[in-house]
Amino acid sequence: LCSRRPELGDKFSSRHGQKGVCGLIAAQEDLPFNDLGMVPDMIMNPHGYPSRMTVGKLMELLSSKNAVLSGRYHYGTAFGGDQVIDVCNELASRGYNYLGKDMLTSGITGQQLSAYIYFGPIYYQKLKHMVHDKMHARARGPRAVLTRQPTEGRSREGGLRLGEMERDCLIAYGASMLLMERLMVSSDEFKVEVCSECGLIGYHGWCQNCRSSKSLANIKIPYACKLLFQELQSMNIVPKLDLARYT
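FYI, in the UniProt record's numbering the residues of the sequence shown are 1 to 247.
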């Protein structure tokens, strides 16, 4: 067994599948506090609720808050037991907000927050996905034999993948040079000779289709593109490159 302090990037989860990573570690005096001086151990981003719809977590906080005050367990499954409205009424009878919310004061400005905050105890788990074990960086390294692109995965000293969504964002920004650098220059740049007459790839200064070496131009393409052309040609589909603008 080894003990570690939570750090930025470590993963946590409640018992309702509300997983997430630690994005900020703040000093206790900067955190908000309620009228009893209690400071939250963790502040969760509320955008996780409408997407995952973990209603059980909302009920757990409400029941746990009431259980601390009453000293008894609450039956929290979907098959009976304590109703939410009963828990709310019991909470209100003890002088707390009916909905389990508190008015918090900012630890930075000293002013009350403009909204009531849903505040209470919830059981949280620390997951094994820790940034200390997963951190990885690569400048140069091994490449795949078939595609000549960088390998994938930390164990194989792979590169960080720029996926389809990241590519779409760069396209939307119009960052064409960055796209070329990420998707070709730093990945699988390959120099080929292309015949400007027939549009096919030549080899060693010779176009096998035209039986000529007159109209060959040197261009750079991703190796995966060249591989795709060759695999399509094996199925009798012949893609051609139009170099009219480059010659």
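Hints should not be assumed to be uniformly reliable.
As a list, the in silico DSSO-like pairs of lysine-lysine whose alpha-carbon atoms are at most 27 Å apart [said to hold, decoys possible]: (1) Lys240 x Lys226; (2) Lys214 x Lys226; (3) Lys19 x Lys191; (4) Lys214 x Lys191; (5) Lys57 x Lys19; (6) Lys191 x Lys126; (7) Lys101 x Lys126; (8) Lys128 x Lys101; (9) Lys128 x Lys191; (10) Lys191 x Lys11; (11) Lys11 x Lys126; (12) Lys134 x Lys19; (13) Lys226 x Lys126; (14) Lys128 x Lys57; (15) Lys226 x Lys191; (16) Lys240 x Lys214; (17) Lys101 x Lys191; (18) Lys19 x Lys128; (19) Lys220 x Lys191; (20) Lys240 x Lys128.
What the hints contain is simulated information worked out from the structure, not anything from laboratory work.
Tested hints:
no. : hint            : result
1   : Lys240 x Lys226 : 11 Å, holds
2   : Lys214 x Lys226 : 22 Å, holds
3   : Lys19 x Lys191  : 46 Å, violated
4   : Lys214 x Lys191 : 18 Å, holds
5   : Lys57 x Lys19   : 12 Å, holds
6   : Lys191 x Lys126 : 49 Å, violated
7   : Lys101 x Lys126 : 26 Å, holds
8   : Lys128 x Lys101 : 32 Å, violated
9   : Lys128 x Lys191 : 44 Å, violated
10  : Lys191 x Lys11  : 43 Å, violated
11  : Lys11 x Lys126  : 6 Å, holds
12  : Lys134 x Lys19  : 17 Å, holds
13  : Lys226 x Lys126 : 46 Å, violated
14  : Lys128 x Lys57  : 21 Å, holds
15  : Lys226 x Lys191 : 10 Å, holds
16  : Lys240 x Lys214 : 18 Å, holds
17  : Lys101 x Lys191 : 64 Å, violated
18  : Lys19 x Lys128  : 12 Å, holds
19  : Lys220 x Lys191 : 5 Å, holds
20  : Lys240 x Lys128 : 50 Å, violated
Figure legend: structure checked against the earlier numbered hints; hints not met, in rising order: 3, 6, 8, 9, 10, 13, 17 and 20.
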